[in-house]
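Since the structure of chain A is already known, use the hints to place chain B on it.
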Amino acid sequence: MSETGSGNAGGGLFNRLRRGLARTSGGITEGLATLVAGRKRLDDDLMEEMETRLLGADVGVEATQRLLDGLSQRLGRGELRDAEAVMDALRTEITDLLRPVAQPLAVETAAPPFVILTVGVNGAGKTTTIGKLAARLQAEGRSVMLAAGDTFRAAAVEQLQRWGERLGVPVIAQPTGADAASVIYDAHQAARARGIDVLIADTAGRLHTQSNLMEELRKIRRVLGRQDPGAPHETLLVLDGCNGQNALAQAEKFRDMVEVTGVAVTKLDGTAKGGVVLALAERLAIPLRFVGVGEGVDDLRPFDAESFAEALTTE
Amino acid sequence: MFDGLSKRLDAVAQRMRGRGRITEENIRETVRDVRMALLEADVALPVVRAFTEQVKERAAGAEVAKSLTPGQAFVKIVQDELVRTMGEKVEPLALNVQPPAIVLLAGLQGAGKTTSAAKLARYLHEREKKRVLLVSCDVYRPAAIEQLATLAGEIGVEAFPVDANDDPEKIARKAVDHAKRHYFDVVLVDTAGRLAVDEAMMDEIRRLHGAVQPVETLFVVDAMTGQDAVRTAAAFGEAVPLTGVILTKTDGDARGGAALSVRHVTGAPVKFMGVGEKTDALEPFHPDRVASRILGMGDVVSLVEEVERGIDKEKAEQLEKKLRKGGKGFDLTDFRDQMEQITNMGGIGSLMEKMPGMGGMQERLQGQMDEGRVRRLVAIVNAMTPAERARPDIINGSRKRRIAAGTGVQVQDVNRLLKQFKQMQKMMKQVKKKGGARRMFEQMMPGGGMPPGMGR
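Quick note, the sequences are listed as chains A and B, same order. Residues in the first sequence are numbered consecutively from 3, following this note's numbering. Residues in the second sequence are numbered consecutively from 4, following this note's numbering.
Only chain A is shown next, with the shape it has when bound in the complex (with noise of 0.2 Å):
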């Protein structure tokens, strides 16, 4: 795992976002000053190629309807200056739609540790996101613990020691097979005696159709309830950036199932431009917590709606 990330000039959230999109093809917006001159109004072509490109990008069906709705009642029937002001406006669009999920994580709690539980389907990114979290909360002065809790993934559990290593945290852990909730329950105790600040716990993927498993979860979530009543303080759901339309149902079934309280969303520095995350604010109201925008250890970043926007409809 190389560090591109770590030092960059620009190293905003905006231009790691912006360069992983470049990569391909732009945003949503690319080459629309050309589809824009020599019109003058916003007609039905126009609109038609911006519904095609949202939808490309995996805003989905409601949430694009929604966009462009608000896009022809912005710019109305008058005149269409030129692209820019299309741009603006499916800018601002956009913003207002994020805006309202776009929370941050507080780690804040009178009586520490602040546990953190991640879920996820298998392969979103769980135990990567969480070595990235372990080494932000880190560099904020805070004192944290991972635990193990994918014990059914082979070498899942060595995965996450490595991470604990490189940052020099300790790593709560049993043997692959044991249970998920005592390892946790483990590392809370631990987490305690030793005055840790924040605690990540670790699970293993499952499918969101799988129901054993997500009462595998629900015990997890009691037993840590019982530790302390606040515990866990935030579920964290992992979510892959290059999922498109399932996602929605990923994030409803996990919300339904174990109380999410806030979403990562991976993977964004890849060819997918993670439009899902406009179909998620559109359809659920769960806080957006990170995104994903690299490899490095510091390429998890918090979620602003206005560089997410800004990203997404620049040239």
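Errors might be hidden in some of the hints.
Quick list of simulated restraints, FRET-style, between CB atoms [said to hold, decoys possible]:
hint, chain 1, residue 1, chain 2, residue 2, range
1, A, 228, B, 415, 21 to 27 Å
2, A, 71, B, 100, 55 to 61 Å
3, A, 111, B, 402, 48 to 54 Å
4, A, 105, B, 400, 36 to 42 Å
5, A, 191, B, 172, 33 to 39 Å
6, A, 192, B, 100, 53 to 59 Å
7, B, 413, A, 287, 55 to 61 Å
8, B, 393, A, 228, 23 to 29 Å
9, A, 67, B, 101, 56 to 62 Å
10, A, 167, B, 57, 52 to 58 Å
11, B, 415, A, 177, 54 to 60 Å
Computed cross-link-like contacts, DMTMM-like style, restricted to lysine to aspartate or glutamate with a CA-CA straight-line distance of at most 25 Å [unchecked claim]:
hint, chain 1, residue 1, chain 2, residue 2
12, A, 221, B, 280
13, B, 281, A, 86
14, B, 432, B, 340
In short, the hints are calculated from the structure, not lab data. Even for Gly, the Cβ is constructed at its ideal location relative to N, Cα and C.
Structure of chain B alone, referenced to chain A:
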């Protein structure tokens, strides 16, 4: 996974059904519905365009206009096009070369390459009796090499020992060399996950491909992937010549649009699909069967094959004899064996999914009939003495308490199991009576409630 798409198409057909005649107007409307259904199923936009164009053209033609039931004719067109887009027949791996045949797996991070490598190894090892060597060239992700080695140990194939400080190309060369000298039939090369746009990583897979000269280069793609599936597939296809696709995580509720997109873009056929967490959950991809599954027509052929594999023939014959005698001699041991066989076949959910008309049942069942509950039933029977299993009538209160304590469940759970067993016995007597089989079938169907003995 394909349930959602078929539901949407059903709704489209329903609306067409009400129309006596097909006009250009309502074709356009309906095609728009199909387009939305496909987009919500995460079929990539270019594929949707090509698909709807084709459907529109054919719908405007004579076959629909002449038909007395335009709705059905329309759905038939959609079905044909679905099959055509996915490829018409099963494409097996082309491993008929001078051994070792080398298979390279490539794909995005988290698509499921390592798991698929292990599943494929097990498939080739168990069903095609090949001698398989697994090798991981993922020196980047922490513990990726250990993951593959552990899985290899579980399924009983050899993993090539890898030093994480080595160059991936060198590792692959060494592994192939080892396979040649030790007479392996197949070498499965797992590679580092990558974001398609990462030039350095794409360059690495290119070099790996050049170094080992694989006969099969399989692109591993997550069934939940969105619009990006086409871009990624195209990028990989440019870097290395893809010969096939493995579609993973199809046991979720993804509508499976990626299955349509990837084939369309790369031209490479989907050869396998991952259908569960365990290493035996890999099936050859049958486009025609999957198309009928999308349309809610069930996949009986796969079901029969699966049942044949999962069932212990001898036990099945014994049970059949007992059934013919109207359940005489059907005891708790048989009951337990049946439960175990259901588990062996990948759980009731995976069976239901393939049964015609049972699509909707699956969701209802999943909660009630999960593996944990089946395991608990089996455990309760295991806690009984042989005498108790043969003659459940002798189980009195004190025996029940002992069984409950031995299993770690409540006495009520034991009672429930005994009740289910009795109902099942009764059902078998009905089968023997005239017309009983039909009555039993009716009981099993949705609306008739669950067959006794399943769920609470």
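Which numbered hints turn out to be false for this structure? 4, 5, 7, 8, 11, 13
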